[in-house]
Amino acid sequence: MIQSFRLRLALLSALLSGIVLVAFGLSTWWLIRGIKLDRMDHDVRAQAERESQRTRDAAGWQRTEASVASEMGLRNPRHLALMVQDTSGQILYRSAGWPASLDVAQQQWPAQTASQPEPGPPPRPSGAVQGAIPPSPADEGESVLPAPRPVSRNLTLFADGRQWHIGLAVSMHSRMAVAVDSASIDAEMKSIFTAFLVALPLCLVLTGLGGWWISLRALRPVKKLTATARRINAEGLDQRIQSTREDREFGELIEVFNGMLERLERSFQQAYRFSADAAHELKTPLAILQGQLERAIHSVEDGSPMQAELSSILDEVRRLSTISRKLLLLAQADAGSLNPHTAPFPLSKALADLLEDASMLAPHLLVTGEIEPNITIAADANLLPQVFHNLISNAIKYNVKQGWIRIETKRTQDQVAVQISNTSYGISLLDQAKIFNRFFRADAAHSRKVEGTGLGLSVSREIVRAHGGDITFHLSEENVAFFSLVFSLDKSVPGPGRPDLQER
Amino acid sequence: MNLLLVEDEKKIAQFVCAGLREQSFAVDHCDNGTTGFEYASRGGYDLIVLDIMLPGRDGLSILKGLRKAGNATPVILLTARNELDDRIEGLSLGADDYLAKPFFVEELIARIQAIVRRASGDRNHLLEVGDLHLDRLSREVTWHGESVDMTGREFNLIEYLMRSPGRVFTRTQILEHVWGYDFDPSTNVVDVCIQRIRRKMTSIGVGSDGDSPIESVRGVGYRFRKLA
Chain A
5 MIQSFRLRLA LLSALLSGIV LVAFGLSTWW LIRGIKLDRM DHDVRAQAER ESQRTRDAAG
65 WQRTEASVAS EMGLRNPRHL ALMVQDTSGQ ILYRSAGWPA SLDVAQQQWP AQTASQPEPG
125 PPPRPSGAVQ GAIPPSPADE GESVLPAPRP VSRNLTLFAD GRQWHIGLAV SMHSRMAVAV
185 DSASIDAEMK SIFTAFLVAL PLCLVLTGLG GWWISLRALR PVKKLTATAR RINAEGLDQR
245 IQSTREDREF GELIEVFNGM LERLERSFQQ AYRFSADAAH ELKTPLAILQ GQLERAIHSV
305 EDGSPMQAEL SSILDEVRRL STISRKLLLL AQADAGSLNP HTAPFPLSKA LADLLEDASM
365 LAPHLLVTGE IEPNITIAAD ANLLPQVFHN LISNAIKYNV KQGWIRIETK RTQDQVAVQI
425 SNTSYGISLL DQAKIFNRFF RADAAHSRKV EGTGLGLSVS REIVRAHGGD ITFHLSEENV
485 AFFSLVFSLD KSVPGPGRPD LQER
Chain B
715 MNLLLVEDEK KIAQFVCAGL REQSFAVDHC DNGTTGFEYA SRGGYDLIVL DIMLPGRDGL
775 SILKGLRKAG NATPVILLTA RNELDDRIEG LSLGADDYLA KPFFVEELIA RIQAIVRRAS
835 GDRNHLLEVG DLHLDRLSRE VTWHGESVDM TGREFNLIEY LMRSPGRVFT RTQILEHVWG
895 YDFDPSTNVV DVCIQRIRRK MTSIGVGSDG DSPIESVRGV GYRFRKLA
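Quick note, the sequences are listed as chains A and B, same order.
Those letters in the first sequence? Residues 5 to 508, by this note's numbering.
Those letters in the second sequence? Residues 715 to 942, by this note's numbering.
Only chain B is shown next, with the shape it has when bound in the complex:
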């Protein structure tokens, strides 16, 4: 999948590109608005990640230009500025999503995947790792073929971990994705939620003990067990 990143801050561009490439996205990077617009207009991208404050041409004007020219490539806006107003303007100009700086690259990836999935008509609404199955549309979870009743938070959490089995997610990353940006980072809500998920899965009584697919990483967070 081809992505275009338009971001003038070198260090931010560096880790964003690295993070995206790790997820096997092909990423092109522009560090100013003028060339950014040229690249974007040329087409051939599945998604554009656009910073709003740019030298040359700003992100909102690039977005406006693209939409005016009939280019419907999905766009995710990034901004550090007066974010409320930017968000309103950006969404009304036809942006598909919006991320406020500072953001997690993992969160950006999750947003990108969600947009791409929507664009494909939710064909990939089934998520399956090992014996755990998730249906994103009906929000049903089955474990070893048995249905598990999950609350909204529990479902979002397990879905987030399942996207990259074997990858560790810190508590704050999980917190931000599932609970939103402003949830008090000092709470233990993530741990409690994980415990509940584990308890629900063991209470079904299928599979062996210690079979839980969610592993704790001491002092850091959690990861979904990677199948050997």
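With the rest of the complex left out, here is chain A:
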């Protein structure tokens, strides 16, 4: 099916108007043809009536034939044929073009009645052929007896495969037949038909374009909605649709949409502020706790049980502050305010460190890497390493015994792909879809008592996206887990990193 509503609308309007136009055109054509045939019948009869009252010789009839043809507006003389008989049926004149097979039978002639002829079918008041002077009914009242009117009738006969409209008239001294080929109007009808054929596609194109244009106008508010929704994705919930002079129906929709955005934004802001506030409020006490613990550890005797205990409390405090930091980071990402401070970041070096970490963290695993040297991307040196740490600790946590971890880079024209793969016990398809969800932990993690908060991957994804990159997960049939990250290469000449970072 056609996916564009606008195109459908344009085509539909063209189709509908096409059907209407064809029906209208055909009926008009038929009506015009009927009218023309009627007029032809009337004309031939009037001509027959008039001419039947004259007497001429053959040459005279030939001239008459030419004049009748021109009076009736027949361009082709072959379309007209005359036949004159005397009252006994003797042919006085017959046109050369009179079809041989066209024979007017005796009984088809109108009957010549007695002295006072029936008025017969009255000639049409309008459209009387010029020169035909119908006898005025006013004459009847006069004492002078006028010449009796000829009687006449119409006849339609087929001869030589053509249709002849014949006017028959019988006067006191002759019988007159004027036959006209109906083909004489066909040429005209054909030109009307041709004009219609030319006009129809033109009209269809025009209606189609009109439908296209109208739908464009009608859909403009929808376009606005789309554009706003897109901006919301890109910039945040503070976008609204301008409702200037929209139709009532759309105005209402826009109002409802804006109202929905308003509410969404408010509750979103509340949620963001809540988690940001919570994380912030946690930080000061955590800082005090951590600082005092640090002091206490240094002030007790080295190696004493007290020091070990304090140090284990410190670990827990650290865990708490890590969680609060990640929550704040996620809240910021949600609010669209996760703006990485990008600087040239030595990706190759960071990945080499990562390889080293992996081999130290998991001496039981086979750690391999294929890292192209000197890759620099624009990244936040505080944020991006978190992603790598998360991924590598996942690769270790969810690995199998005697498994392996591999880090690879693939550089293309303007992008670099980092792939971290590892053997795993597998994860269900359902869980795969949720792997980047907040606080999501695969069942296997719970059952095997793997430590973690379930925040790592969602934070990682937010960070990568804030860098304009993307992260995807894929599990092969052999239960090899692949995390693929894609970044744009830093086109600028790699400058020195921030001095405080070189130190670390």
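Careful: at least some of the hints might be erroneous.
[What the hints assert, rightly or not] With the C-beta cut set under 7 Å, the calculated list includes, among others, these residues of chain B facing chain A:
#: 1; residue: K725
#: 2; residue: I726
#: 3; residue: A794
#: 4; residue: R867
#: 5; residue: T886
#: 6; residue: G894
#: 7; residue: F897
#: 8; residue: D898
#: 9; residue: P899
#: 10; residue: T901
#: 11; residue: V906
#: 12; residue: C907
#: 13; residue: G933
#: 14; residue: V934
Since the hints were made in silico from the structure, they are not lab data.
Computed from a predicted structure; not experimentally measured.
We put the beta carbon where it would ideally sit given N, CA and C, even for glycine.
The hints should help you fit chain B onto chain A, whose structure is shown.
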């Protein structure tokens, strides 16, 4: 060396001052932004540790005021707020470094020393305790005169411990300094790294057995052996 600490949270100021003084820094403390700015403008400090959220005048505005007045004293910012944005703003305003709360005082000291060393043109790039020599610029390590090949992590770890021989560092302190804030605190990466360093040094075959300068402190962490 004279330091100025501007921090309104009393308890934080307490342990930071104590920790810094232990390292024989002279520390002045202000608990609000207005007097903090006055002290800082007066000059005479080698470094200023500035909290961002302060009563009176906030840290970023103090920093801006100092830099505007041509005061180039190194500044380390501390914050508990929306740290990403603060960091970006702070660094663009001319801060020399940035620490997010909660932080370790040891980490603050390490940062201070790094800044001071940079300011002195890296004249102190050689670090030497007993038979172990470290070159911070070329990142070369020699042990009893023999060169030891150290990876990036190993070098950073040993350098961190060497700054204060005899002082115990917990695993989390080491982890944060060498691996960064967000490394999973439950890992044993520190212990593995220490083992590797020790193995590398013994494999050289100089010095006697048990001669390793890195001592374990059970249940806590590690320290660099203090020369008697």
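Any hints from earlier that this structure breaks? Give me their numbers in increasing order, please.
Failing hints: none at all.
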